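Novice: Now for the letters of each chain:
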Amino acid sequence: MAKRSSIKIRSKWLVGKLQIRTLIAHPMDNGRHKDQNGNLIAAHYIEKLTVKLNEQIVFEGTLSGSVSKDPFFTFLLKHAVKGDTITISWEDNQQLKDSLDYSVP
Amino acid sequence: MYRREFFKRMIQITGLSVAYFNSFFKDQTVLASESNDGPPAAFKETLTRLFGSREITPSRKIKLKAPYIAENGAVVPITISSPLENISKLYILVEDNPSPLNAEFTLSPVLDVFLKARIKMAADSHVVIIAETRDKLLLSTKQRIKVSKGGCGG
Numbered sequence: 001m002a003k004r005s006s007i008k009i010r011s012k013w014l015v016g017k018l019q020i021r022t023l024i025a026h027p028m029d030n031g032r033h034k035d036q037n038g039n040l041i042a043a044h045y046i047e048k049l050t051v052k053l054n055e056q057i058v059f060e061g062t063l064s065g066s067v068s069k070d071p072f073f074t075f076l077l078k079h080a081v082k083g084d085t086i087t088i089s090w091e092d093n094q095q096l097k098d099s100l101d102y103s104v105p
Numbered sequence: 001m002y003r004r005e006f007f008k009r010m011i012q013i014t015g016l017s018v019a020y021f022n023s024f025f026k027d028q029t030v031l032a033s034e035s036n037d038g039p040p041a042a043f044k045e046t047l048t049r050l051f052g053s054r055e056i057t058p059s060r061k062i063k064l065k066a067p068y069i070a071e072n073g074a075v076v077p078i079t080i081s082s083p084l085e086n087i088s089k090l091y092i093l094v095e096d097n098p099s100p101l102n103a104e105f106t107l108s109p110v111l112d113v114f115l116k117a118r119i120k121m122a123a124d125s126h127v128v129i130i131a132e133t134r135d136k137l138l139l140s141t142k143q144r145i146k147v148s149k150g151g152c153g154g
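As you go down the protein sequences, you meet chains A and B in turn. Note that the first sequence covers residues 1 to 105 in our numbering. Note that the second sequence covers residues 1 to 154 in our numbering.
Read the hints as simulated data drawn from the structure, not as lab findings. Since the structure is predicted, the reported quantities are computational estimates derived from the model, not experimental observations. Among the clues, some could well be false.
No farther apart than 20 Å at their CA atoms in a straight line, the calculated lysine to aspartate or glutamate pairs in the EDC-like style are these [claimed, not checked]:
1) Lys149(B) with Asp29(A)
2) Lys17(A) with Asp112(B)
3) Lys48(A) with Asp29(A)
4) Lys52(A) with Glu104(B)
5) Lys12(A) with Asp112(B)
6) Lys149(B) with Asp96(B)
7) Lys61(B) with Asp112(B)
8) Lys136(B) with Glu55(B)
9) Lys89(B) with Glu47(A)
10) Lys97(A) with Asp35(A)
11) Lys17(A) with Asp84(A)
12) Lys52(A) with Asp101(A)
13) Lys89(B) with Glu60(A)
14) Lys8(A) with Asp98(A)
15) Lys48(A) with Glu104(B)
16) Lys69(A) with Glu85(B)
17) Lys116(B) with Glu47(A)
18) Lys149(B) with Asp35(A)
19) Lys78(A) with Asp112(B)
20) Lys52(A) with Glu91(A)
21) Lys149(B) with Asp70(A)
22) Lys116(B) with Glu60(A)
23) Lys69(A) with Glu55(B)
24) Lys116(B) with Asp70(A)
25) Lys149(B) with Asp112(B)
26) Lys78(A) with Glu5(B)
27) Lys69(A) with Asp98(A)
28) Lys52(A) with Asp112(B)
29) Lys52(A) with Asp98(A)
30) Lys82(A) with Asp112(B)
31) Lys17(A) with Asp124(B)
32) Lys142(B) with Asp124(B)
33) Lys136(B) with Glu60(A)
Okay, chain A solo, but in the shape it has when bound (with noise of 0.2 Å):
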C-alpha cells in the first residue's frame, strides 16, 4: 500500500471563485515544548509551502513555528477553470518535504 500523503486538498465553487482548503500533518514543533522526561523537543516545522496553479507558483508561505500543529490553510482562487492542475508542496527544518497534485473537479 502506498503512503499516504501528508496533504490533503479540498475545493469547493463559490459563485465563480474556488475555494482551496489544505490540511498538512506536520507536528510543527517551536523548539519550546517538553517531552514527559522534562527533554525539549527539538523545533521541527514547515518553513516553506508553495502553491502552484498549473505549474505557476501562486502562494508562497515562510512559516514559523507558531504556526499551529497540523497546518490548515484556506485561500480563493479567482480564475481556475474544470481541470486545472493544482499543487501544494512543503519543505521543514529538517530537509523533509512532501508535495501533492490534485486536479480542480
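Based on the hints, put chain B in the right spot on chain A.
Specialist: Positioned in the frame of chain A, the structure of chain B alone reads:
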C-alpha cells in the same frame, strides 16, 4: 473698586487656565510614554528587521477576523481578507509571542486577498496583520485576542 475686582478676576482666570493647560500636557506625555512601552522589544526588533524604518499605516481595508477569546492558544483560527486588489504580501505577527513573526505569505494576483490560517499564541496579545501592496505601501490592522490556555510550550 471695580478695577480691583477686575484684576482679581483676571489673575484667577489666568492661573486656572495655566493649570489646566499644564495638566493637559502632562496627560499627553503620560499617554505617549504608555504607548512607547506597549509592544515588547522582540516585536519592535522584528518590525525593524522586516521593514527597516518604513512607515506602516493602519488601514480599515485590511480585515482581520478572529475570536475575542481563544480557548486554546495552540489553535487560534484567524481570517484575513481585503477588498484591495494589489496586495502582494501578508505578514502575521503576534506581539507577545517569543518569536513574533508567525508567517509571511506572497500572493499572486490570481488569488483573492483571502486567507484563513491557524496560529499559536503564548498569551493574551495583539495580533497584527501587515499587508504590503505592489507599490510598496505597508498597511496594517490589529486585534487583541485573549487566550485562556497558552500554546507555546510550558
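Novice: Look at each hint and say if it fits the structure.
Specialist: Here is what the structure says about each hint:
1. Only pairs whose Cα atoms come within 20 Å are accepted, and Lys149(B) paired with Asp29(A) is accepted, the gap being roughly 17 Å.
2. Only pairs whose Cα atoms come within 20 Å are accepted, and Lys17(A) paired with Asp112(B) is accepted, the gap being roughly 9 Å.
3. Distance check on the hinted pair: Lys48(A) and Asp29(A) sit about 15 Å apart at the alpha-carbon level, within 20 Å; holds.
4. Under the criterion of a C-alpha separation no larger than 20 Å, the hint pairing Lys52(A) with Glu104(B) is consistent with the structure, at around 17 Å.
5. For the given pair, Lys12(A) sits about 15 Å from Asp112(B) by alpha-carbon distance, which is consistent with the 20 Å threshold.
6. Distance hint between Lys149(B) and Asp96(B) is fulfilled; the C-alpha atoms sit about 14 Å from each other, no more than 20 Å.
7. With a CA separation close to 14 Å, the supplied pair Lys61(B) and Asp112(B) stays within the 20 Å bound.
8. For a cut-off of 20 Å, the pair hint linking Lys136(B) to Glu55(B) stands: about 10 Å separates their Cα positions.
9. Taking the CA atoms of Lys89(B) and Glu47(A), the gap is near 16 Å; set against the 20 Å cutoff, the hint holds.
10. Taking the CA atoms of Lys97(A) and Asp35(A), the gap is about 24 Å. The hint is violated against a cut of 20 Å.
11. In summary, the hint linking Lys17(A) to Asp84(A) is supported, as the alpha carbons are separated by about 13 Å, within the 20 Å threshold.
12. Proximity of Lys52(A) to Asp101(A) is assessed by CA-CA distance (about 9 Å); at most 20 Å being required, the pair is judged to hold.
13. For a cut-off of 20 Å, the pair hint linking Lys89(B) to Glu60(A) stands: about 9 Å separates their Cα positions.
14. A C-alpha spacing of about 11 Å is found between Lys8(A) and Asp98(A), which places the hinted pair at or below 20 Å, so the restraint holds.
15. The suggested pairing of Lys48(A) with Glu104(B) holds, with an alpha-carbon distance near 10 Å, which does not exceed 20 Å.
16. For the hint linking Lys69(A) to Glu85(B), the alpha-carbon distance of about 31 Å lies beyond 20 Å, and the restraint is violated.
17. For the suggested pair Lys116(B) and Glu47(A), the alpha carbons sit about 18 Å apart, so the restraint of at most 20 Å is met.
18. Between the alpha carbons of Lys149(B) and Asp35(A) the distance comes to roughly 18 Å, so the proposed pair stays at or under 20 Å and holds.
19. Restraint check for Lys78(A) and Asp112(B): the C-alpha separation of about 6 Å stays at or below 20 Å, so the hint holds.
20. With a CA separation close to 14 Å, the supplied pair Lys52(A) and Glu91(A) stays within the 20 Å bound.
21. For the hint pairing Lys149(B) with Asp70(A), the CA-to-CA distance comes to about 19 Å; that is within 20 Å, so the pair holds.
22. In summary, the hint linking Lys116(B) to Glu60(A) is supported, as the alpha carbons are separated by about 14 Å, within the 20 Å threshold.
23. Distance restraint check for Lys69(A) and Glu55(B): the Cα-Cα separation of roughly 33 Å exceeds the 20 Å cut-off, and the hinted pair is therefore not satisfied.
24. Straight-line distance between C-alpha atoms of Lys116(B) and Asp70(A) comes to about 14 Å, which keeps the hinted pair within the 20 Å bound.
25. Restraint check for Lys149(B) and Asp112(B): not satisfied, since their Cα atoms lie roughly 33 Å apart, outside the 20 Å limit.
26. With a C-alpha separation of about 78 Å, the suggested pair Lys78(A) and Glu5(B) falls outside the 20 Å cut-off, and the hint is violated.
27. A distance of roughly 16 Å separates the Cα atoms of Lys69(A) and Asp98(A); the hinted pair therefore holds under the 20 Å criterion.
28. Of the pairs offered as hints, the one joining Lys52(A) and Asp112(B) holds, with about 15 Å between alpha carbons and a cut-off of 20 Å not exceeded.
29. About 14 Å separates the Cα atoms of Lys52(A) and Asp98(A), which keeps this hinted pair within 20 Å; it holds.
30. Using a Cα cut-off of 20 Å, the hinted pair Lys82(A) and Asp112(B) holds, with the two alpha carbons roughly 18 Å apart.
31. With a CA separation close to 35 Å, the supplied pair Lys17(A) and Asp124(B) exceeds the 20 Å bound.
32. Of the supplied pair hints, the one linking Lys142(B) and Asp124(B) holds, its CA atoms being roughly 13 Å apart against a limit of 20 Å.
33. The suggested pairing of Lys136(B) with Glu60(A) holds, with an alpha-carbon distance near 18 Å, which does not exceed 20 Å.
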